[in-house]
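Participant: Each chain, letter by letter, is given below.
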Amino acid sequence: MAESEFCPEKDELIRSIDYRPPDKPWMETKPVFKKGTYCFAAREKHLAYLGFPNPREWEVGAEDWQLPENWKEIFIAGMEDRLKRFRSFRLFMDICVRCGACADKCHFFIGGGDPKNMPVLRAELLRSIYRRYFTWPGKILGKLVGARDLDYDVLKEIFYYAFQCTECRRCSVFCPYGIDTCEITMMARELLVSLGCHVAWTIEPVANCQRTGNHLGIMPHAFKETFDFLTDDIYDVTGIKIETPINQKGADILFVAPSGDYFGTEGTYTCEGYLILFEYLRRKYGLTYTWSAYAGEGGNFGMFTSNEAQKRLSAKIYAEAKRLGVKWIIGGECGHMWRDKHQYMDTMNGPADFLEEPVNPITGTKFENAKSTKMIHICEFTADLIRHGKLDLDPSRNDHLIVTFHDSCNPARAMGLFEEPRYIIRNVCNNFYEMPENTIREKTFCCSGGAGVGSDEFMEMRMRGGICRANAVKYVHDKYGVNRLLCICAIDRATLAAMMEYWVPEVDVGGIHELVANALVFPGEKSRDTDLRGLPLKKPIKGREEGEMEE
Amino acid sequence: MSFNLAFYFSFFVVLGLIGIALLGVAGAKLYVVFGVVIPYLSVVIFFAGMIYRVFKWASSPVPFKIPTTCGQQKSLPWIKYSRLESPFTTFDVVLRMLLEVLFFRSLFRNVRVEIRKGGPKVIYWSNKWLWLGAILFHYSFLIVLIRHLRFFTTPVWSFVRLIESVDGFLQVTLPGLYISGIVLLVATVALLLRRVFVPTLRYISLTSDYFPLFLIIGIALTGIIMRYIYKVDIVSVKELTMGLVTFHPKIPEGIGSIFYVHLFLVSVLFAYFPFSKLVHMAGVFLSPTRNMPNNNRAVRHINPWNPPVEVHTYEEWEEEFKDKIKAVGLPLEKEE
Chain E
13 MAESEFCPEK
23 DELIRSIDYR
33 PPDKPWMETK
43 PVFKKGTYCF
53 AAREKHLAYL
63 GFPNPREWEV
73 GAEDWQLPEN
83 WKEIFIAGME
93 DRLKRFRSFR
103 LFMDICVRCG
113 ACADKCHFFI
123 GGGDPKNMPV
133 LRAELLRSIY
143 RRYFTWPGKI
153 LGKLVGARDL
163 DYDVLKEIFY
173 YAFQCTECRR
183 CSVFCPYGID
193 TCEITMMARE
203 LLVSLGCHVA
213 WTIEPVANCQ
223 RTGNHLGIMP
233 HAFKETFDFL
243 TDDIYDVTGI
253 KIETPINQKG
263 ADILFVAPSG
273 DYFGTEGTYT
283 CEGYLILFEY
293 LRRKYGLTYT
303 WSAYAGEGGN
313 FGMFTSNEAQ
323 KRLSAKIYAE
333 AKRLGVKWII
343 GGECGHMWRD
353 KHQYMDTMNG
363 PADFLEEPVN
373 PITGTKFENA
383 KSTKMIHICE
393 FTADLIRHGK
403 LDLDPSRNDH
413 LIVTFHDSCN
423 PARAMGLFEE
433 PRYIIRNVCN
443 NFYEMPENTI
453 REKTFCCSGG
463 AGVGSDEFME
473 MRMRGGICRA
483 NAVKYVHDKY
493 GVNRLLCICA
503 IDRATLAAMM
513 EYWVPEVDVG
523 GIHELVANAL
533 VFPGEKSRDT
543 DLRGLPLKKP
553 IKGREEGEME
563 E
Chain A
50 MSFNLAFYFS
60 FFVVLGLIGI
70 ALLGVAGAKL
80 YVVFGVVIPY
90 LSVVIFFAGM
100 IYRVFKWASS
110 PVPFKIPTTC
120 GQQKSLPWIK
130 YSRLESPFTT
140 FDVVLRMLLE
150 VLFFRSLFRN
160 VRVEIRKGGP
170 KVIYWSNKWL
180 WLGAILFHYS
190 FLIVLIRHLR
200 FFTTPVWSFV
210 RLIESVDGFL
220 QVTLPGLYIS
230 GIVLLVATVA
240 LLLRRVFVPT
250 LRYISLTSDY
260 FPLFLIIGIA
270 LTGIIMRYIY
280 KVDIVSVKEL
290 TMGLVTFHPK
300 IPEGIGSIFY
310 VHLFLVSVLF
320 AYFPFSKLVH
330 MAGVFLSPTR
340 NMPNNNRAVR
350 HINPWNPPVE
360 VHTYEEWEEE
370 FKDKIKAVGL
380 PLEKEE
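Sequence lines, in order, name chains E and A.
Residue numbers for the first sequence follow our numbering, beginning at 13 and rising by one.
Residue numbers for the second sequence follow our numbering, beginning at 50 and rising by one.
If you are wondering where the hints come from, they were derived from the structure by calculation, not from laboratory data.
Treat the hints with caution; some may be incorrect.
[As the list claims (entries may be wrong)] Here are the simulated distance ranges between beta carbons:
#: 1; chain 1: A; residue 1: Pro-248; chain 2: E; residue 2: Ile-152; range: 22 to 32 Å
#: 2; chain 1: A; residue 1: Leu-133; chain 2: E; residue 2: Asp-244; range: 45 to 55 Å
#: 3; chain 1: E; residue 1: Pro-149; chain 2: A; residue 2: Pro-357; range: 34 to 44 Å
#: 4; chain 1: E; residue 1: Arg-295; chain 2: A; residue 2: Val-348; range: 35 to 45 Å
#: 5; chain 1: A; residue 1: Val-348; chain 2: E; residue 2: Val-371; range: 16 to 26 Å
#: 6; chain 1: A; residue 1: Val-284; chain 2: E; residue 2: Pro-34; range: 28 to 38 Å
#: 7; chain 1: E; residue 1: Lys-96; chain 2: A; residue 2: Leu-194; range: 32 to 42 Å
#: 8; chain 1: E; residue 1: Arg-295; chain 2: A; residue 2: Ala-376; range: 28 to 38 Å
Backbone N, C-alpha and C fix where the C-beta goes; we use that ideal spot for every residue, glycine too.
Please put together the full structure from these sequences, using the hints given.
Facilitator: Next comes the structure, spelled out in structure tokens:
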């Protein structure tokens with residue numbers, strides 16, 4: 013349950029929402045590290061494994077953070093370096109006019125009212141330091157022009173709010189200059205990690221991924237066993253025997269999914285969906301593909317840490333594609349993964365000239381939009397297959413589900429993937445209702461657990477940040493009886509589940525490819541009356557009976 | 050910075066500036082300083098400062114292509130993509146930027162949100178007041194600026210005359226009332242009141258937010274006063290401005306002090322411009338979330354400082370886990 017020492021009850025939480033700013037000016041208020049509103053500190057061993065500076069055991073709630081002696085110099089020098097390397101950073105420090113358009117666009121502000129969660133003010137925390145050390149009016153006039161010294165409390169404040177931003181870019185949609193708080197948060201987090209100040213829920217996955225090839229630290233044998241377990245599950249329900257190629261050379265396609273899909277509770281059904289789809293394509297069209305245990309992670313928590321960490325992790329995918337000799341790559345349903353793969357991976361680790369421009373071998377479609385990266389989204393792939401009539405789908409097999417679709421932040425605002433998933437949903441199920449327009453597409457709300465803050469100890473903020481999304485889900489639940497919230501993000505599937513449990517317990521959460529697999533009419537499937545989750549179907553499926561010949 | 054300090058400080062600084070100009074001209078008779086030296090200086094500072102600013106921004110590279118996409122990407126041929134919200138080509142980007150710069154498209158999107166307790170129920174409504182205020186403010190300012198070209202051109206350019214006649218079509222006062230001047234004043238005051246009375250905005254506002262508003266109000270007021278109330282000798286003013294623009298500065302007799310106050314405030318605005326948030330005028334064109342195409346996967350973006358990083362290689366991975374890999378029958382590169 014979400015309610016715990018880290019999260020108050022619903023009524024109490026709602027009562028405490030207060031948009032009146034304090035009487036004291038913001039420069040004079042300090043953050044209160046209250047349980048439920050901050051994530052725990054990154055552990056020494058994980059920072060050390062990654063070779064990141066200043067690894068140590070420390071507590072976010074403690075008075076003394078055991079910073080290195082010269083922390084201020086490190087921070088300021090780091091800022092100077094980044095101002096020189098990122099135009100976005102320098103520009104966004106300079107041009108904000110504090111018009112306030114972004115103020116009520118942040119889910120954390122809406123659900124809590126802490127004025128420093130207005131994107132403008134969250135950015136001002138760093139901007140005030142920028143003015144003080146890098147502009148001459150700030151050097152001379154100080155507070156009068158919104159400049160202030162960097163001190164211990166200011167650093168703590170920057171930490172507190174850099175980890176109360178989920179880098180969702182919603183504010184950036186509404187900013188007249190496109191100022192993107194995500195960029196500013198990324199810079200703040202890079203500076204913080206240079207002092208060894210980061211959160212466990214981000215750094216541990218980074219260290220795990222660096223070592224084992226996935227965020228969860230699943231080692232290769234367990235990786236294989238996980239898939240055996242999933243395919244056994246599928247066999248039990250559907251009677252379909254699945255082949256799971258792992259680290260196979262010579263396949264056409266490398267498939268990379270977020271580890272949350274093969275290891276998270278709600279995620280595994282999505283993963284089963286991928287497995288069934290690829291098995292179908294293998295049997296019917298001879299498609300060859302492979303998973304990789306070395307590059308077993310589509311997500312990239314490095315993105316929430318630093319450019320360096322991000323590049324290190326996403327490098328593995330091209331390296332593995334090259335080693336295995338595949339033609340091109342498909343990526344699974346994941347949110348920030350697609351910001352990494354769409355906007356960063358090619359720049360960081362390309363050019364991928366050892367791969368071929370992606371062509372769907374079944375439909376002949378050239379994915380021109382991915383001709384450089386050579387990596388496409390599974391929704392693009394599946395939508396293309398459906399469009400060409402290559403899948404035998406019976407949407408009535410999902411009639412027990414009434415669904416709505418949550419656009420995940422990054423596919424929405426850093427990629428523009430809106431129609432492909434909707435096209436698939438409309439073709440695999442009969443009951444699809446959109447949430448109100450101000451809560452979907454580019455205006456979608458974050459699950460409040462993105463950017464590496466989806467931990468249980470952050471639960472109060474997650475539930476606060478979830479009010480808008482949950483309310484929209486509740487609206488379609490009340491109006492149309494929606495009982496399944498679909499999304500194409502592994503973090504969503506984990507964090508929205510908790511959010512639904514807290515705010516709209518009648519609705520569960522799942523991925524799109526779970527529904528694709530439900531609807532797929534598979535040669536060799538057996539008679540059954542449940543879906544992959546064991547939920548009863550409206551109309552039982554008539555397939556082969558137990559004991560009949562297998563294909 | 051408390052509200053009181055930020056607000057009153059800005060207010061009194063602008064009052065002080067007016068005082069300085071009055072004392073300097075009506076008291077100390079420093080016509081050359083206020084009529085020639087300061088205007089020239091401020092223009093130099095403006096241009097030098099803006100060039101410095103833009104150069105400084107441009108000197109930092111754009112390492113990643115990071116457009117904020119607000120519409121459908123270009124992907125499969127049968128899915129219509131949104132040119133304006135998810136531009137794919139340079140032409141699309143130009144369109145997006147034009148809408149942004151000319152019509153403040155992102156601001157137009159503004160949606161306010163409110164949580165009604167009990168339920169809770171979340172309500173959204175479109176809110177275009179800020180957009181309206183901003184549009185009125187910027188366009189009236191632009192028209193006022195263009196109208197002022199009549200002081201710097203002989204003969205006056207025809208499009209300036211055209212804009213004047215449209216702007217003054219009401220013909221209610223003598224000299225004819227210009228709508229733009231009044232709109233500018235009203236919009237600026239509205240933007241100021243917004244900052245004062247919306248609690249969250251008041252909380253985030255700095256001296257550097259109030260000061261330019263007071264300054265512009267001062268400029269608009271002095272302009273309106275000298276046109277309609279304490280009229281100054283327009284012929285002499287034009288003599289002065291033409292002198293400035295042809296680099297043969299001279300100070301004609303008998304221009305009222307109010308003119309010098311107006312000119313001084315304008316000079317301060319020009320000089321202040323490059324060192325303040327007002328640089329958003331130039332900066333908006335450089336914003337990487339708006340001025341880059343969403344063709345990331347089709348056209349590779351080059352990061353000029355893309356440093357090599359330490360990657361945990363497949364070989365290292367296999368070496369560490371080879372027993373485990375073997376145990377479950379996954380293939381190995383190095384068979385023993």
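Participant: Which numbered hints turn out to be false for this structure?
Facilitator: Checked against the structure, the only hint that fails is number 6, while the rest are satisfied.
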